[in-house]
Structures are given as structure tokens and as C-alpha cells.
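So the sequences go chain by chain: U and G.
My numbering puts the last residue of the first sequence at 116; the count rises by one with no breaks.
My numbering puts the last residue of the second sequence at 113; the count rises by one with no breaks.
One or more hints might be untrue.
Computed far set for chain G versus chain U, every beta-carbon distance over 12 Å [claimed, not checked]: (1) Q14; (2) G16; (3) V62.
Here are the simulated distance ranges between beta carbons [stated by the list, open to error]: (4) G:Q60 <-> U:K14: 41 to 49 Å; (5) G:D55 <-> U:G16: 16 to 24 Å; (6) U:K14 <-> G:K71: 40 to 48 Å; (7) G:Q58 <-> U:P70: 37 to 45 Å; (8) G:Q60 <-> U:G16: 43 to 51 Å; (9) U:Q50 <-> G:D31: 13 to 21 Å; (10) G:P9 <-> U:Q101: 28 to 36 Å; (11) G:N53 <-> U:T103: 14 to 22 Å; (12) G:D55 <-> U:R22: 40 to 48 Å.
Keep in mind that the hints were calculated from the coordinates and are not lab data.
Values in this document were obtained by computation on a predicted structure and should not be read as measured data.
By construction, the Cβ of each residue, glycine as well, lies at the ideal position given by its N, Cα and C atoms.
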Amino acid sequence: DTGVSQNPRHKITKRGQNVTFRCDPISEHNRLYWYRQTLGQGPEFLTYFQNEAQLEKSRLLSDRFSAERPKGSFSTLEIQRTEQGDSAMYLCASSLRRGLQNTEAFFGQGTRLTVV
Amino acid sequence: GESVGLHLPTLSVQEGDNSIINCAYSNSASDYFIWYKQESGKGPQFIIDIRSNMDKRQGQRVTVLLNKTVKHLSLQIAATQPGDSAVYFCAENSGGSNYKLTFGKGTLLTVNP
Numbered sequence: 001d002t003g004v005s006q007n008p009r010h011k012i013t014k015r016g017q018n019v020t021f022r023c024d025p026i027s028e029h030n031r032l033y034w035y036r037q038t039l040g041q042g043p044e045f046l047t048y049f050q051n052e053a054q055l056e057k058s059r060l061l062s063d064r065f066s067a068e069r070p071k072g073s074f075s076t077l078e079i080q081r082t083e084q085g086d087s088a089m090y091l092c093a094s095s096l097r098r099g100l101q102n103t104e105a106f107f108g109q110g111t112r113l114t115v116v
Numbered sequence: 001g002e003s004v005g006l007h008l009p010t011l012s013v014q015e016g017d018n019s020i021i022n023c024a025y026s027n028s029a030s031d032y033f034i035w036y037k038q039e040s041g042k043g044p045q046f047i048i049d050i051r052s053n054m055d056k057r058q059g060q061r062v063t064v065l066l067n068k069t070v071k072h073l074s075l076q077i078a079a080t081q082p083g084d085s086a087v088y089f090c091a092e093n094s095g096g097s098n099y100k101l102t103f104g105k106g107t108l109l110t111v112n113p
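Please construct the entire structure, taking both the sequences and the accompanying hints into account.
This is the structure we're talking about:
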């Protein structure tokens, strides 16, 4: 499978625990995006990377959230001290940027987080 | 703030009919729009896109129409099939060239056999 891969697919955690999700983008894609989607809503942008540099963060990304892409390949999204309001599907997408042109973004299957 | 929204939250059609899903956007500076299909438990799947210098684009069984005057976007699916049943989202590129997308709420399309 050469698409965007996310792990785990599902995560149930107790409130207050830390969780980490992983995203492996399409191999040649240099841009990687994280989105959050709650039930019945469209995805909301959280942050994106070009290679290893985190270029933008949404106001939705509180201090408890941190994302990294250390080698410009896979990325991790960590949520510290989880709250019930963090329950959502966390989606990763990747695209290839050459010069001023972007390919379309391809999404992974998402990680569904449930905080109990 | 600026947002993208949908006129109809649900649409039910008969197999073989044509489907039209509508979307209104409010950011007049948006220059790129995408339709995504999302099946239950899966991530959004790219269907078709259109840039603001066009008013129509066709793909396989799908057509996207863009009316910049009224800030309206539509997705037409010809000969709708049961496999087309899903939630459809329109999205706009609100971040210039960085492909940061703003999604609408979604329309649930149900195709009846």
C-alpha cells in the first residue's frame, strides 16, 4: 500500500493520559498535514509541515498538542493530558510541492481517539 | 471568520439518477476548490478540483461547477451508483499555495437501489 498510513486506527484512553499518533505520508511527498474531524463535521486544519519544518499551526492546536516530523518523513501528533473534548478522528494528509505548485492532498484513514 | 457551507445536509436518490450536491463559500479570495468523498470509517478521498479561473471541470461521471458571482460550487454525479453513497465535502484552499483546506459540513448522499 503506497498511500498515507496512520497508526493506530483506534485509540481509547483515559482522561489525563498522553497519546501519540503516527502518520507515514506517501514517500515522495514533502508536505504533511494534520486535521481533526468530529462527528458530523468536516475536517479542521491543525498544522502542516514542509519537510521537517512546521510552517503553520491552527489556533485549535492548544499547548497540550505537539506535532513533529523529525526527518521530514513520518510525523507524530502527541496529545498530553487528554480531555474528553479531544475525542475525534485525527486525519493526516500529504502532498508534493514543487516550486509554486502543489499536487492534491491525499488523506490517510485516520486515527479515531476516544477519551473516557 | 470565513467558512464553507452546504445547502443540503442529506440527499437521497435512486440508482441511475443524476445527483447534484451544492456548496456555498464565503471567502471571495479562495482560488482553489476540491470535492472529497468520505465513506464511513475512512479518510476523505479526492474526487475533483477546480481553480477559480475556470467555471466547469469534468471528470469520470463527475462535473464540478463554480459560480464565483454568487460564490457557489456544485458537484454533479451522473448515473449515481450505490457505491457513490457517502458524505461529500467541498473544501476551499484558504492558505494560498500551502494547501491548507477549509471544509464545509458535508452532505450525506444515499443511493437507493
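To see whether the hints hold, each was checked on the structure:
1. Interface exclusion of Q14 (chain G) from chain U stands, the closest Cβ pair being 25 Å apart, more than 12 Å.
2. Distance check on G16 (chain G): its Cβ is at least 29 Å (rounded) from any Cβ of chain U, clearing the 12 Å threshold; non-interface status holds.
3. With a least CB separation of 14 Å from chain U, V62 (chain G) remains clear of the 12 Å interface cut-off, as annotated.
4. Q60 (chain G) and K14 (chain U) have their C-beta atoms about 47 Å apart, which keeps the hinted 41 to 49 Å range intact.
5. Judged by the Cβ atoms, the range 16 to 24 Å given for D55 (chain G) and G16 (chain U) is violated: they are separated by roughly 52 Å.
6. Range check, K14 (chain U) to K71 (chain G): Cβ separation about 45 Å, and the 40 to 48 Å hint holds.
7. A hinted range of 37 to 45 Å holds for the C-beta pair Q58 (chain G) and P70 (chain U), which are about 42 Å apart.
8. With their beta carbons about 49 Å apart, Q60 (chain G) and G16 (chain U) fall inside the hinted range of 43 to 51 Å.
9. Between Q50 (chain U) and D31 (chain G) the Cβ separation comes to about 20 Å, which falls inside the hinted range of 13 to 21 Å.
10. Range check, P9 (chain G) to Q101 (chain U): Cβ separation about 34 Å, and the 28 to 36 Å hint holds.
11. Against the hinted window of 14 to 22 Å, the Cβ-Cβ separation of N53 (chain G) and T103 (chain U) comes to about 19 Å, which satisfies the hint.
12. Between D55 (chain G) and R22 (chain U) the Cβ separation comes to about 41 Å, which falls inside the hinted range of 40 to 48 Å.
In terms of the numbered hints stated before, the structure departs from hint 5 and from no other.
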